[in-house]
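Asker: Chains as they are written, first to last, in the numbering used here: chain Y, 194 to 315; chain X, 47 to 183.
Please note: incorrect hints may appear among the correct ones.
Subject to a maximum C-alpha distance of 30 Å in a straight line, what follows is the list of computed DSSO-like cross-link-like pairs (lysine-lysine) [unchecked claim]:
id, chain 1, residue 1, chain 2, residue 2
1, X, K177, Y, K218
2, X, K169, Y, K260
3, Y, K283, X, K123
4, Y, K260, Y, K309
5, Y, K233, X, K169
6, Y, K246, X, K119
7, Y, K218, X, K128
8, X, K153, Y, K260
9, X, K159, X, K123
10, X, K119, X, K157
11, Y, K210, X, K159
12, Y, K301, X, K126
13, X, K153, Y, K210
Please keep in mind that the hints were generated in silico from the structure rather than gathered at the bench.
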Amino acid sequence: MNGKDVKTEERNLPRIKPATDVIEKEDGYYIYMDMPGVAKEDLVIDLNEDEIKVSGKAEYKTPPGRKIGHVEFGGGEYFRSFTVSHQVDKERIKGSLVNGVLELHLPKAEKAMPRKIEIQQG
Amino acid sequence: MVIDLSPFYGSPTPFDRLLESLWTPLSISQRGISYPPLNISEDDDAICVQCEIPGMDIGDLELTLTDSSLVIKGERKIVKGKYYRQERPTGSFQRMVNIRTAIDRDKVSAKMKDGVLEVTIPKSEENKPKKISIEAS
């Protein structure tokens, strides 16, 4: 009975597309995603070929005996996927989750870095 | 004669208005909805205010408590770089919660976990419902 209850709760969680910033800096691309309420253990990042899939779950449990007065947010299943450019060095992608924001650093591959071409005098 | 059917001229159609409503401005101050989102709950002992503010450190937040209100203030800073996509809100925000019960101001606690701020405001002792025992004589 208890297990059944947990399942229905999971199904009721709405799917949320996390707000995302994609920024290019000198050392590569940065992706920032707002995922409030998601703990490190509940976050999954999958890299498959050229696609990054990020999913996480936030759940808020109301302790018994507490009355809810006003609600503006709730738990949810965050999901978003991105296609990674060929310029990115896929081996060195790093992710960190701090204060509910996931930061993905996608460094540019060496060959995509801007280079100066030397001119030889003949 | 030119017949212009483009949406740039004339009165906006319902469809235009729908598109406009889907487009949320990036600056917090321009948003129609209050930021940050709050949940308020209470039990017999305390009022609990939960607030979704990802990316903020508890030290960067300014929490002010008066007898009748709690003010949450802060600023979401912008990261420098070339933006390809910007959906996360930036800018200063402030939100006020009115409190209508007597509270124990010295025992208020706040904690931040995974981008969710939780402020617990204990209700003062004298305001709690008390059971009065009636002695039958």
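Asker: Next step is simple, just say for each hint if it's right about the structure.
Answerer: Hint check:
Proximity of K177 (chain X) to K218 (chain Y) is assessed by CA-CA distance (about 64 Å); at most 30 Å being required, the pair is judged violated. Proximity of K169 (chain X) to K260 (chain Y) is assessed by CA-CA distance (about 14 Å); at most 30 Å being required, the pair is judged to hold. For the given pair, K283 (chain Y) sits about 29 Å from K123 (chain X) by alpha-carbon distance, which is consistent with the 30 Å threshold. In summary, the hint linking K260 (chain Y) to K309 (chain Y) is not supported, as the alpha carbons are separated by about 65 Å, beyond the 30 Å threshold.
Restraint check for K233 (chain Y) and K169 (chain X): not satisfied, since their Cα atoms lie roughly 33 Å apart, outside the 30 Å limit. A distance of roughly 33 Å separates the Cα atoms of K246 (chain Y) and K119 (chain X); the hinted pair therefore is violated under the 30 Å criterion. Proximity of K218 (chain Y) to K128 (chain X) is assessed by CA-CA distance (about 7 Å); at most 30 Å being required, the pair is judged to hold. Restraint check: the Cα-Cα separation between K153 (chain X) and K260 (chain Y) comes to about 21 Å, which is no more than 30 Å; the hinted pair holds.
Straight-line distance between C-alpha atoms of K159 (chain X) and K123 (chain X) comes to about 19 Å, which keeps the hinted pair within the 30 Å bound. A hinted pair counts as satisfied when its Cα atoms are at most 30 Å apart, and K119 (chain X) with K157 (chain X) qualifies at roughly 15 Å. Taking the CA atoms of K210 (chain Y) and K159 (chain X), the gap is near 21 Å; set against the 30 Å cutoff, the hint holds. In summary, the hint linking K301 (chain Y) to K126 (chain X) is supported, as the alpha carbons are separated by about 18 Å, within the 30 Å threshold.
About 37 Å separates the Cα atoms of K153 (chain X) and K210 (chain Y), which puts this hinted pair outside 30 Å; it is violated.
Going down the numbered hints, you'll see the structure goes against 1, 4, 5, 6, 13, while the others check out.
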